[in-house]
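Colleague: Just need the whole structure built from these sequences, with the hints factored in.
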Amino acid sequence: MGNEARPKWDSPIQFLLACVSYAVGLGNVWRFPYLCQMHGGGGFLIPYLIMLVLEGVPLFCMELAVGQKMRLGSIGAWSAMNPYLGGVGLASVVTSMYLCLYYNVINAWSFWYFFNSFQSVLPWSDCPVNANQTGPLEECEKATPTQYFFYRETLDISSSINVNGGIHTSQALCLLLAWIISYLFVIRGVKSTGKVVYFTATFPYVVLFIYLIRGVTLHGALNGIQYMFTPKMEQLANPNTWINAATQIFFSLGLGFGSLIAFASYNEYNNNFERQAIAVSIINSGTSIFASIVTFAIYGFKATLNFENCLERSRMLLLNTFDLAEDSITIDTVFDWIKKLNATYPEQFAQIEDKLEVCDLESELDTAVEGTGLAFIVYSEAIKNMPLPQLWSVLYFFMLLLLGMGSMLGNITAVITPMRDFKIFSRMSTELCNGLVCMFCLLLGLSFTTTSGNYWFTIFNDYGANFSLLFVVLIEIITVSYIYGMNRFEKDIEDMIGHRPNWYWKIMWKFVSPLLLVAVFIVYIINYIQGGTPTYQAWDKEQGKTVVTEYPIFGQVFIGLLLVSSVSCVPLTALYVFCKKRKQGHHDKRENVLSTVSA
Numbered sequence: 000m001g002n003e004a005r006p007k008w009d010s011p012i013q014f015l016l017a018c019v020s021y022a023v024g025l026g027n028v029w030r031f032p033y034l035c036q037m038h039g040g041g042g043f044l045i046p047y048l049i050m051l052v053l054e055g056v057p058l059f060c061m062e063l064a065v066g067q068k069m070r071l072g073s074i075g076a077w078s079a080m081n082p083y084l085g086g087v088g089l090a091s092v093v094t095s096m097y098l099c100l101y102y103n104v105i106n107a108w109s110f111w112y113f114f115n116s117f118q119s120v121l122p123w124s125d126c127p128v129n130a131n132q133t134g135p136l137e138e139c140e141k142a143t144p145t146q147y148f149f150y151r152e153t154l155d156i157s158s159s160i161n162v163n164g165g166i167h168t169s170q171a172l173c174l175l176l177a178w179i180i181s182y183l184f185v186i187r188g189v190k191s192t193g194k195v196v197y198f199t200a201t202f203p204y205v206v207l208f209i210y211l212i213r214g215v216t217l218h219g220a221l222n223g224i225q226y227m228f229t230p231k232m233e234q235l236a237n238p239n240t241w242i243n244a245a246t247q248i249f250f251s252l253g254l255g256f257g258s259l260i261a262f263a264s265y266n267e268y269n270n271n272f273e274r275q276a277i278a279v280s281i282i283n284s285g286t287s288i289f290a291s292i293v294t295f296a297i298y299g300f301k302a303t304l305n306f307e308n309c310l311e312r313s314r315m316l317l318l319n320t321f322d323l324a325e326d327s328i329t330i331d332t333v334f335d336w337i338k339k340l341n342a343t344y345p346e347q348f349a350q351i352e353d354k355l356e357v358c359d360l361e362s363e364l365d366t367a368v369e370g371t372g373l374a375f376i377v378y379s380e381a382i383k384n385m386p387l388p389q390l391w392s393v394l395y396f397f398m399l400l401l402l403g404m405g406s407m408l409g410n411i412t413a414v415i416t417p418m419r420d421f422k423i424f425s426r427m428s429t430e431l432c433n434g435l436v437c438m439f440c441l442l443l444g445l446s447f448t449t450t451s452g453n454y455w456f457t458i459f460n461d462y463g464a465n466f467s468l469l470f471v472v473l474i475e476i477i478t479v480s481y482i483y484g485m486n487r488f489e490k491d492i493e494d495m496i497g498h499r500p501n502w503y504w505k506i507m508w509k510f511v512s513p514l515l516l517v518a519v520f521i522v523y524i525i526n527y528i529q530g531g532t533p534t535y536q537a538w539d540k541e542q543g544k545t546v547v548t549e550y551p552i553f554g555q556v557f558i559g560l561l562l563v564s565s566v567s568c569v570p571l572t573a574l575y576v577f578c579k580k581r582k583q584g585h586h587d588k589r590e591n592v593l594s595t596v597s598a
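For the sequence shown, numbering that gives the first Met the number 0 puts the final residue at 598, and the numbers step up evenly by one.
It is worth saying that the hints were derived from the structure and are not from the lab.
Only true hints are included.
Using 27 Å as the maximum straight-line C-alpha spacing, the simulated DSSO-like pairs for lysine-lysine come out as follows: (1) Lys422 to Lys579; (2) Lys339 to Lys354; (3) Lys354 to Lys540.
Modeller: And the structure:
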C-alpha cells in the first residue's frame, strides 16, 4: 500500500461540501422527524443536542484526524496505527458495500416518483379501475391510492419474502440510471466528486427553503409545527429516548463507514480539520431541525385534512339521521351537536353511536411514520392535496435524489479509496476501478428490484449496518485512545494543525464517548435478544395493508450472517496477521540458524 502522488481536493471548501453532502442525507428528512414525533416533539431535541456534543462531534473529528494523518483509506489507516487492526477498516468497507447495494435502490424509487410527477394527474392521486371497468380496484380502495401506488405499482410487491415473481423492469431501469449517475459522479475520484458536491450539498437547501415557505402557508401547518416544538418532558425519563438520540447522531454523521477517513485522506496535511468537524456537525444537526419543521408543517396539513374529513363524515351522519338543515351544523360545532343530540334524543342517538368515528387531531399527529413510509407515502399523500401538485412533487423528489446521490458519493468513496491503496488496484485506471465497483454493486442490487426485493431491502436496512457500525466505532476509539495512545495522537494533531487538542477533545475521546458507545452497544444487543424472532411488514393484498410476519428460517439465518460478516473481519484479520508474523518469525529464525551453521 502507498499514497504516492495521492490526489487532493482543489480547496478546503470542496472537502467541507463533500462532508456536508455525505452527512446530510435522507435520514435528516425522514428518520429525525420520526424520532421527534415518537419521543415527545421538542423534548427530543434536548438529548439529541447533548449527544451531539458528547458523541457526534468528537468521533467525527477523530475520524477526520486519522484520515488526514495517515493519508490512506480505512484499511490502510488502521493498519498503520496497529497492524492487527486492519480488520477495522475492512469491516468498514464491507458495511459500506452493503449500504451501496441497497441505498441506491431508494434513489431508484426517487427517480420513479420523479418521472411520474410530470403526468397531468399524479398516478397516486386516484385508484386504478378494476378489470371489469366497473369501479376502483378493491385492493386500492381498502388501502389508499398512495399506499397502493408505492407497494403495488412501484414495488410490485409479493405477499411474502418466500414468494418471488422476478425482476420489476421499471425499477431495474431506474436502478441502472441511479448507478450510471453515481459512476459519473465518481468517475475521476475526487477530481469529479469535488465538482459535483457544489450542487449536491447546496441545492437541497434551496428546495427545503421553498418547501418551508409553501409548508407554513398550508391549512393546518401550524398544528404540526406546534406539535413538534411542544415538549413532552416525561420522555426524558425514557432510556430509549437517549439511546435513539445517540444512534441518530451516530448514523446521521456517517461515522464508522470509512467515508470520512477516505475524504480526509485527500486533504492537505496541514488542513484545519478541527474547525471543519465542528462546522459539518452543526450544519448536519441544524439541517435535521430545519427539515423537521418542513416535515411537520406538511404533516400538520395532512393530519388536519384527515381530522376535518372525519368531522365532515360525522356531520353528514348527524344531518341525515336527525333530518337537520344543511347549514345547521359546521365542522367546528360537530362535537357540540353530538353532546346536544345525545342528551336530547338518547334512544335515536344510540342507534348511530357505533357509526360515529372518533375524530382527534392529536391522535392524527401522534401517528408516527418512519423511513420510506414517510418519504414516499405520507409526503405523496400531502402533495396530491396541494395546489399545483406536480410542481411540488417534482421539487420534492428531485431534492430526495440530490440528498441520496450526495450520500452515495461518500458510500462509494469508502469502498474505492481503501481498494486504491493496494497495488493490484492502484495499477488500474481510476475510471476502470470505479466502474467495476459500480457494476458489481448494480448486479447485486438488482435483487432488490424483484417482487420480494423490498423484504430483502428491509433486512439490509435493519441489520446491514447498525450493529457493525457500533462495533467498528467502539474499536476505533479504543484504538486511538488506548492502543495507539492518546499522547501519540495528540502529537500527530499538533504536527498537522499547529496545536494539541484541548481538554474537551481529550476527555471525550478517552472517557465519555467510549462509555456512551459501550452503553449503546449493550442496549442494542439486549433489545435484539429481547425482540424475539425478527419480523417484517408483509403486504396483504386481500386487506390492502401490511401485516407483521415472522421471517422464515432462511431469512433469520441470512440476518445472522449479515450481522457477523462485517464484525468478524476484525478478529479474523488480527488472527491472519498474527499467524503471518509468527510464520515470518519462524522463517527468520531458521535463516539465522542456517547462516550460523554456514559461518
